[in-house]
Amino acid sequence: MNKAVILVGGPSRATRFRPLSMNMPQPLFPVGGKPIIWHQVSKIASVPGIQEILLLGVFEEHVFQTFLDQCSTEYPHITFKYLREYALLGTAGGLHHFRDLIKRGNPKNIFLLYTDICSSFPLEELLEKHEKSNSMGTIMVKKVPKSDLSKFGYVVPDAENNMALHYVEKPETYISDLVSTGVYVFTPKIFDLIAELIEKRSSELSSLSKKAFRAEFSESHDFLRLEQDVLQYMASHNLLSIFITCDFWRQIKSAASAVSANAEYLMQAKKNSESYITCQNSQGPTIIGAVYIHPSATVDPSAKIGPNVSIHARANIGAGVRVKNSIVLDNVSISDNAIVINAIVGWSSKIGQWARVEGSPCTAQNENTVEYSSPNAFSICILGQDTIVRNESFVRSCIVLPHKEITHDHHNLILM
Amino acid sequence: MKALILVGGFGTRLRPLTLTLPKPLVEFANKPMILHQIEALVKVGVTDVVLAVNYKPEVMVAVLKKYEEKFGITITFSVEEEPLGTAGPLALARNILAKDDTPFFVLNADVTCEYPFEQLLEFHQAHGAEGTILATKVEEPSKYGVIVTEPNSSLIKCFVEKPVEFVGNRINAGIYVFNVKVLDRIQLRPTSIEKEVFPELAEQRQLHTFDLSGYWMDVGQPKDFLAGTALYLSSLAKNNPTLLTSPQGNHFVVGGNVLIHPSAKIGQNCKIGPNVTIGPNAVISDGVRLSKCVIMEDVTIKPNAFVRNSIIGWHSTIGAWARVDGVSVLGDDVHVADEIYVNGASVLPHKSITSNVTEPKIVM
Chain A
2 MNKAVILVGG PSRATRFRPL SMNMPQPLFP VGGKPIIWHQ VSKIASVPGI
52 QEILLLGVFE EHVFQTFLDQ CSTEYPHITF KYLREYALLG TAGGLHHFRD
102 LIKRGNPKNI FLLYTDICSS FPLEELLEKH EKSNSMGTIM VKKVPKSDLS
152 KFGYVVPDAE NNMALHYVEK PETYISDLVS TGVYVFTPKI FDLIAELIEK
202 RSSELSSLSK KAFRAEFSES HDFLRLEQDV LQYMASHNLL SIFITCDFWR
252 QIKSAASAVS ANAEYLMQAK KNSESYITCQ NSQGPTIIGA VYIHPSATVD
302 PSAKIGPNVS IHARANIGAG VRVKNSIVLD NVSISDNAIV INAIVGWSSK
352 IGQWARVEGS PCTAQNENTV EYSSPNAFSI CILGQDTIVR NESFVRSCIV
402 LPHKEITHDH HNLILM
Chain X
307 MKALILVGGF GTRLRPLTLT LPKPLVEFAN KPMILHQIEA LVKVGVTDVV
357 LAVNYKPEVM VAVLKKYEEK FGITITFSVE EEPLGTAGPL ALARNILAKD
407 DTPFFVLNAD VTCEYPFEQL LEFHQAHGAE GTILATKVEE PSKYGVIVTE
457 PNSSLIKCFV EKPVEFVGNR INAGIYVFNV KVLDRIQLRP TSIEKEVFPE
507 LAEQRQLHTF DLSGYWMDVG QPKDFLAGTA LYLSSLAKNN PTLLTSPQGN
557 HFVVGGNVLI HPSAKIGQNC KIGPNVTIGP NAVISDGVRL SKCVIMEDVT
607 IKPNAFVRNS IIGWHSTIGA WARVDGVSVL GDDVHVADEI YVNGASVLPH
657 KSITSNVTEP KIVM
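In order, the protein sequence lines correspond to chains A and X.
Per my numbering: the first sequence ends with 417, consecutive numbering throughout.
Per my numbering: the second sequence ends with 670, consecutive numbering throughout.
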């Protein structure tokens, strides 16, 4: 029997996902027509022997209730539960806190995934490598260009690319080109190691004077980070094997990166001929490449949609509208002859006739390095919930906070 | 009667359009700029027109030959070997301008207005002095040379160049009428009519001013060309509305001032206006939005495109869902790809634009 834990984080961690996270927790934001977390759930659910999927985070309980109910219906053989962390314990500390729940039923392997990533999640291959290596844990890693230094956690492999020799988080100098993808599988023995490391750290902290402790650490004694405290230890003690994936993988940190994640998932779904991908038909709009259109959305036949476009529930796309490389959320209305490129159009927004909403294409270089304080740095154009773009106005590479009306042309601005 | 039109040089300020056609032949409201002036001159009885030019392109000779025949007038090119300023050309064309005793008109080729030559001539002959300057009133006289008259009189006292203090807001509109006698004051050398001839005439109480009613614009550069087009169309709406496309029966017209050549085709669900001219054989596809723009001959605008405050040169195409804005000027045979944004670009002839131009620049 196998289990999985998805680390969903909390509302305070998702500031980089603003303004979209102002309306919806990031894990539930739809990319490729489905919530970010759904892509993980569906991949986990297809691994043989999975019986339980646990979500671990600091959101309130009700946040994931509807989603988990839907998951239970879609995957009746799997139990879904949300575990809410109240104290800031760090990733490993949180796992430690819920160890009894996670270990219940004696799972053989436990998958651990972060939610803010987009990937094909080759979990079966990961599991195969893990079982073959007979190690305490296996980390999925990916080769990245050397220039991406200091954005990720890096793994130094042994000569056979079999075991990790060293793990380091966001180094300043080049050490390896293999990065942690935030996808792991562990045997339950990891809980003994975590307990041991917490015990060790706690006794070290207690030996400090109380005053010094307060000055240095605001966390509780149970605080433990997965990467720096656990993975680094495992790597240096020959307990961590590695699985190198060559498949697609990227982080979904900023709101802008949701557009490329959307594209990746749509292209993947089209390749796999998933039924929810929209196909060209003679009465419908022109469809280019991978497109998802929710069944309740209405799209005029003279519109041209795609590639890499998701159009969500009850959206209304008028005559002669062009949408390309964008996410159009629920209840959005786009009037005749408007054009939307490289953008996210927030819930219930209204785009007027001949309006233009355009971002520049998102590249791996700019999508996660958005400096919200400096202009000219935006790539994707993002309209928050209930934005109104008047007829003929042009919003270029702007981030618009919810409930704003745009009456003039704007570019490279945050519109508060 | 006679008239001299100061055409001058290569019209570089109106490039890239003037890379294809000499400035007088660039269509202003679907008609070569010079034709507007020639028609108005013919109407008041002018039979001899002199074009003062620095160079004489073949294409211009051919076109003006046609006008000679059409209107039964004589058009002479007076070619300057060296630039003679604004007065020198009058001396160069003396043999024509002085061939009889009737007064003659002088006009700058870049000026558009209602050309009230008849009233101007009547006024000129009534006061009996040597010259009359057509004057227009401007909001910011400090940018121009201001005409100062005697109190309660049309007699010009002096000129004040770029006045710091308000002395009046009448400026020289670039259109004059003179008695032949004025030619005795002008030598065949580079001379400025504004700086040398006029002050002398004013001092000798030989120069009057006549107020222009209606609009006035120097359309020598793209921004003013667009503004001048709007003024001209407004004037048509007032004086000759049947030439414009009526919003009645043409649902696509918004805000009026739309001039569409009969041979142009307009698609479904377009919205056109205000202040738009569309040239011969232009094709405006379905769902296109045009405002404050000039679409020249044989241009194709593909579906759902948006053109505002721009000039689209002959034979150009604008792609589907493209957006052209911000005083963009596309030369002859320029192609903007589908979905592209072009802001304030000056595009030289025969170029294709396949990526966004977000900030004003020249595309060579």
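A couple of the hints might just be wrong.
[Claimed, not checked] Below, a sample of chain X positions facing chain A; criterion: calculated Cβ distance under 10 Å:
(1) Lys571
(2) Asn575
(3) Ala611
(4) Phe612
(5) Gly632
(6) Asn649
(7) Ser652
[To be verified] When the alpha-carbon atoms are kept at most 30 Å apart in a straight line, the in silico DSS-like pairs for lysine-lysine are as follows:
(8) A:Lys351 / X:Lys598
(9) A:Lys325 / X:Lys667
(10) X:Lys501 / A:Lys325
(11) A:Lys35 / A:Lys325
(12) X:Lys657 / A:Lys325
(13) X:Lys362 / X:Lys571
(14) X:Lys337 / X:Lys443
(15) X:Lys598 / A:Lys405
(16) X:Lys443 / A:Lys325
(17) X:Lys501 / X:Lys487
(18) X:Lys371 / X:Lys337
Hints in this document: simulated from the structure, not taken from any laboratory.
C-beta atoms are modelled at their ideal positions from N, C-alpha and C, and glycine is treated no differently.
Here's how the hints hold up against the structure:
| no. | hint | verdict |
| --- | --- | --- |
| 1 | Lys571 | violated, 17 Å |
| 2 | Asn575 | holds, 7 Å |
| 3 | Ala611 | holds, 9 Å |
| 4 | Phe612 | holds, 5 Å |
| 5 | Gly632 | holds, 9 Å |
| 6 | Asn649 | holds, 9 Å |
| 7 | Ser652 | violated, 20 Å |
| 8 | A:Lys351 / X:Lys598 | holds, 26 Å |
| 9 | A:Lys325 / X:Lys667 | holds, 26 Å |
| 10 | X:Lys501 / A:Lys325 | violated, 59 Å |
| 11 | A:Lys35 / A:Lys325 | holds, 18 Å |
| 12 | X:Lys657 / A:Lys325 | holds, 25 Å |
| 13 | X:Lys362 / X:Lys571 | violated, 35 Å |
| 14 | X:Lys337 / X:Lys443 | holds, 26 Å |
| 15 | X:Lys598 / A:Lys405 | holds, 28 Å |
| 16 | X:Lys443 / A:Lys325 | violated, 51 Å |
| 17 | X:Lys501 / X:Lys487 | holds, 19 Å |
| 18 | X:Lys371 / X:Lys337 | holds, 16 Å |
Of the numbered hints given earlier, the model fails hints 1, 7, 10, 13, 16; all others are met.
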